[in-house]
Structure formats: structure tokens, C-alpha cells
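Peer 1: Model the full assembly from the supplied sequences, consistent with the hints where possible.
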Amino acid sequence: MNFKLLAQITTLTLTCMLTTSAFAGEVEVLHWWTSGGEAKSVAVLKDLLEKEGHSWKDMAVAGGAGENAMTVLKTRAMAGNPPTAAQVKGPAIQEWAEEGLLTNLDAVAVKENWDKLVPSVVTDVMKYEGNYVAVPVNVHKINWMWCNPSIFVKAGAKIPTTWAEFETSAEKIKAAGFLPVAFGGQSWQEATVFESIVVGQAGTEFYKKALVDTDPKALNSPEMIKALETFKMIKKYTDKNAPGRDWNMATSMIINGEAAMQFMGDWAKGEFTAAGKNPGSDYVVMPVPESAGTYLFNVDSFIMFKQNDENAQAAQNAMARLILGTTFQEVFNVNKGSIPVRTGIAKASFDDTALRSMDEFAAAAANGTLLPSMAHGMAVSPAIQGAIYDVVTKFYNSDMTAGKAAAELVAATASAKE
Amino acid sequence: MKLQSPGNFRNTTSYISDRLLPKLVLAPTFVSTILFVYSFILWTAWISFTKSKMLPRYELEGLVQYIKLFANDRWWVASKNLLIFGSLFITICTILGLLLAIFLDQKIRIEGALRTIFLYPMALSFIVTGTVWKWILNPSHGVEKLMQDMGFSSFHFDWLVNSDMAIYTVVIAGVWQSTGFVMALFLAGLRGIDDSIIKAAQIDGASLPRIYTRIIIPSLRPVFFSTVMILSHIAIKSFDLVVALTGGGPGYSSDVPATFMYSFAFTRGRLGMGAASSMVMFGAVLAIIIPYLYSELRSRDNG
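Order-wise, the sequence lines are chains A and B.
Going by my numbering, the residue at position 198 of the first sequence is 198; the numbering climbs one at a time, nothing skipped.
Count along the second sequence from 1, then add 1000; that gives the number in my numbering.
The set of hints was computed from the structure by calculation and includes no laboratory data.
Worth double-checking, as some hints may not be accurate.
What the hints assert, rightly or not - Stretches of chain A that chain B covers, calculated by requiring three or more beta carbons in the stretch to come under 8 Å of a beta carbon on chain B:
1) 92-99
2) 198-207
3) 235-246
4) 313-325
5) 384-391
6) 396-402
To be verified - Rough simulated footprint, nothing fancy, chain A against chain B, three-plus residues with beta-carbon under 8 Å:
7) 1071-1085
8) 1135-1142
Keep in mind it's a predicted model, so treat the numbers as computed, not measured.
Beta carbons are placed, not taken as given, at the ideal position from N, Cα and C, and that holds for glycine.
Peer 2: See the structure below:
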């Protein structure tokens, strides 16, 4: 074989490889959006990146509400080989940043004006020591109450806006032979209802102190005890098969006309839509009693890991820019049933519930009533969240007194903090 | 030594095949066991003495995690549940398994078919067992509803959704699954008993119950031992059954140490505490294994 020719071919191949990679880098993305609508939404981001010449390596890990994906991520990070980006949300972002593994996205953020587009309550979660290390994707609202209006009509009850009204209505519904509350007895669902009560009954300031800052004085206070008692009061109006029930099974009880109310985040809408139900006539969405005007949010986000390769950095920055870009925000959120995390998105393709939620999001951000959800890992670290879950679920499922539960909240969060 | 002499070919080959080959064949397993079992036990022990949270840290901090673990209410619930589940599961499985084996041993007609029926649950995984029993025990569409539909309207069986009773449903499902296996063990033991002893006893005029309590059951002692060993390790590592049947609920009332460890180490980013709880479980396993090994080895020396 002609040695010169071989050398030429090698050089040529190498040059080709180098030039291609000069244009494009690869992003490897760890996420757990694997169900139909979610996978479609992620594919949009992939297409956008590929249009800019970058390549996308999908690393979808299904199952366990992201637990499996987190285990994979930890293993990869410990081996010194983290992906480009990973779906991580809430204070867990800070924990990853503390390990010194995350990259600084300030350049993109400044250029794209993220501080203006996204409410500061949300960007605070995305920042570590003042620098962006994560990109927010979408917003879910937690404190909704889903009602079956025909049951309220039959029972002659009114859809409650306060907890006192709730008790009156629930009694009437019970007397009419219906189940007042469709409840799923899993610790995250219990915590979801509990935090909606705290924010509504004791107010936003108290919520911040108790469930965001976990201030011992707020955790063991008359307000907290009252909120716990209200939470326990709901149990009277649930059925005994509630323990272990999945949230969508509870939603189907509303759809089928067995139960009157469910406290659940905006993702429940998907179940009603899938069952062909219309908002207003077939079902009614109201804020959880006394929590009108406040907005407990759950924001999904991607953290970005440090990259040594320049091309990979370019691809990573492009990904960050595209996630908050108008195209992805619109398509993704319409598909997923959430709302955009930034302002300036065309409203045409969103439905009424989403538009209402978008208005409320903007209003709550302006009024300072936009608050991170504890139950959905936005307010406290997973360790503290788990500690609160344990106390709340123990209190709800045993004959523990509210006073003792409040004291235990203090002890459990303190132990989880170190 | 002949082995060293290069001329003696036959001795060398037989040395290779007799001595070296078994070691060579076992070496990969040995190395991987050392690496993946024992080294990770040590690693876990190390982590349990650190303040590891989401990712492992290696600075030793003493007994902090153990102190927190023993102050945690959920850990005590889990430990108590393991004690309830373990003792009831082992006792009931052993008694029922022994009774079934004795009945099957009475030279009955369709023994083969019955044996298969009793052994069959063993073929299912604990996930399947758990899911099926979840449906059976669910008050709104299981046994309770069946009995009420049949007219026993006062019949109540709500253990699955009752915080105080949920752990006993795990016992029910576990017993259902494992009794057949215990029966098979005892049946093999019964078949191994020398007939002539029993005949001699019969000639001496011993009654049947007496033969069983004085001769047959005592001579099954080794079977009892292996049964308890196998059942206790099933009990300690039980995870899938609890997850499928009760999910640890209501609340965390049917949590066991294995589910506790999983949730602290993997869900909540409290790796140190998760490691501490697995070391305590490891200690519990050792407490059972060491006396067993000791008695086994000693009896072998005597024999």
C-alpha cells in the first residue's frame, strides 16, 4: 500500500472530523420525561438544537418520579463523568452547585435578559451565590381544588372558599350520599394538601417562615397547630380506602361523579381532558379554600454541568438559550399542560385554564404571593422535605395530637439540616 | 520436590488439574466477591461514619449518623415492624409448613398434585404476590366487599388501610408465598427418617402423636435450622413485598428497615444515615449467621 496515500487519507479524515466538531458540540441530557406528551415535548428541544448544528444524546431514565434518574446522575457524577445537563429542581440545585460541578450560565442569562423575563422568586432557585447554574422550563400550580359541580347541585351545597364553608358543604354532600373529598393517601399527596392549607390559612409570610426557612418558632406555633387540625379535619370527609391511592385514581372519582372535591396541582387537568370533560360544566377549578391569590409553584429545571470541551460548552449554552426561547416554551408547555416560566409568549395556543394560570402567575409574582412548593421539592432540600413528609403523614395516619406534630416538625427538620 | 523437576510431565499436569485448575476457575468469582461484596460493605461502613448527604464524603465524623438514626421515630417503627413480621412470618411458615408436610406424608392418593399446588406460590415473585394481595385485601373490592355482598353486612376486614394492622397483611402475603417451600423442605426431611425407628416405636406401643413429638419432629432438627435460616434472611431483606402491598403505608406504619434505607439513601439524599441503617441491618444479619456458622462448624468437628 502506498504509504503516502494512507497518510493523506488519515490527514483528510482527521481534518474532516475536526472541522465538523468545530461547528457543533454534543449535549447529553438526563431527564425523566418519558411519557407520550412529555417525550414529544423534549423532542422539540432536540430538533431546535439540531437545527443549530448540535447533536443531542438522549439519556431518559424512567420511573420513580425521577428517583431512578437521580441515582444514575449521582453515579455518573461520582465517576467524574456527568452529562451536559440534567433535570434537577429546587434546592437540590444548590446541593449540586455546592459540589462545584455546575457551570456558570451568567453570559447567556445576561444576553437573553433572564432576570427581566422570569420572576425573581424563580430565578433565586436557579442561582448559586448569585450566578445562574440552572435553566427553568415550566411552571405548575399546586393549590387547586377540582370540583364536580353536579354533586354540589344535588347536595344543595356551595363550592367552598373558606374552611368553615368547606365543613358545611362537606356535611351536606355526605348527607346526600356522596363522598366529599377524593383523597390519595400517599405522603406527597398528603403534603400537597397540607401546604395548601398552611399557605391559605396562615398566610404567605407564615408559609415562608415555616415551610421555606423552617424556622422552629413558626413550625411550632398556634398557626401551625391550627393548620394541622384543619388538615386532620379533612380526613372525616374521605373514604377509608384512601391510603395508597394514586392521584389519578382520586381524580377519576371526581370525573365519575363519586366524589365532590380533590386538592391537586394543575396536572389533574390532563385527566379531565382525556376523559372528554369540559371545564365549567363538567368540572370546576377553584383555589384551595382561603388560598385565593397565592400561587404555590413547582418549576422544573435543568442544571448544567461544567464542560472542558469548547464545542460542548457552545452546545450547552445554545441549549440553555433555547430552553427559555419562545418556541420551546410555547410548544413544550402546551404539550405538557403547564405554563411558560417566562413572559412574552404568544397566548393563542394555550387553553383557558392555562391562560388563567398565566395571569395568576404574573399577578402573584407582582404581589409577592408567588411561593415555592414544599411538597414538590421547591422550598427545602430533599432531606428536610422528607423529614416534613414523615411528620405530616404520621400525624394524618395516627392519633398523634396537632401539638405533638408541631413539636416533631421542629425536631425532624433540625435533624435533617446538618 | 518432584513438581519442580521439568522432566516429570505427568506429575506436573496432575498438579495443574488437581490443584491449580480449581483455584484458577474460582479466582474470578473470588476476586469479584471480595471486590463487589466485602469491599462495598467496608465502603458502606466508612460512609456511615461520615456526614455524607447527597454525594459521599469521606471525612470521618464519628457516630453522628447512628445517633440521628436511633433518634428517628420512623426507624423504630421500621425495626419494630421487622421484628413483628420476622417472628410471625418465621413461626407461622414453619408450623404450617410442618403440618402440611406431615399430612402429605400420610401416603395419600394425589400427593403429587397437592404438593405442586402448595409449592406453586413460590414460583411467583414477591411483587406479584404483593399486588394480588393488595387487591384481595382492599376493602372496596376484596374480601370485605365479597363477604358484604354475600349478606354478611357487618363483616369488616380493613387491615390494609389500618395503620395498626397493615404490617400483619405483609405477614399474610409472606406466609402464603413461603409456606409451600417450607413444606417441601420438611417433606424431604420426613422421607429421610429411617422407617425402622418408627416401627420399633410402634411395636413398643407408642401412640402416633407420641411418635411424632418424641421421634419424628426431634429428628427433623437440621431441617428446622435451615428453614429458620432461609426464612429469616427473606424477612430481613424483604423490600419488594412491602413496596407492592402497602407501599410502607398508611403513613409509614408498615415501613421496614430495607425500605427505610432506600428512601433515606436514594430519595432524600441522606446517604450517611442510609449507610448507618444498612450497617445496623448488617449487624442483625451477622447476629443470626455467626451463631449458625459456629454451631455448624463445631458439630462438624465433633462428628
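Peer 1: Which constraints among the numbered hints does this structure fail? Numbers only, ascending.
Peer 2: Violated hints: 2 and 4; rest satisfied.
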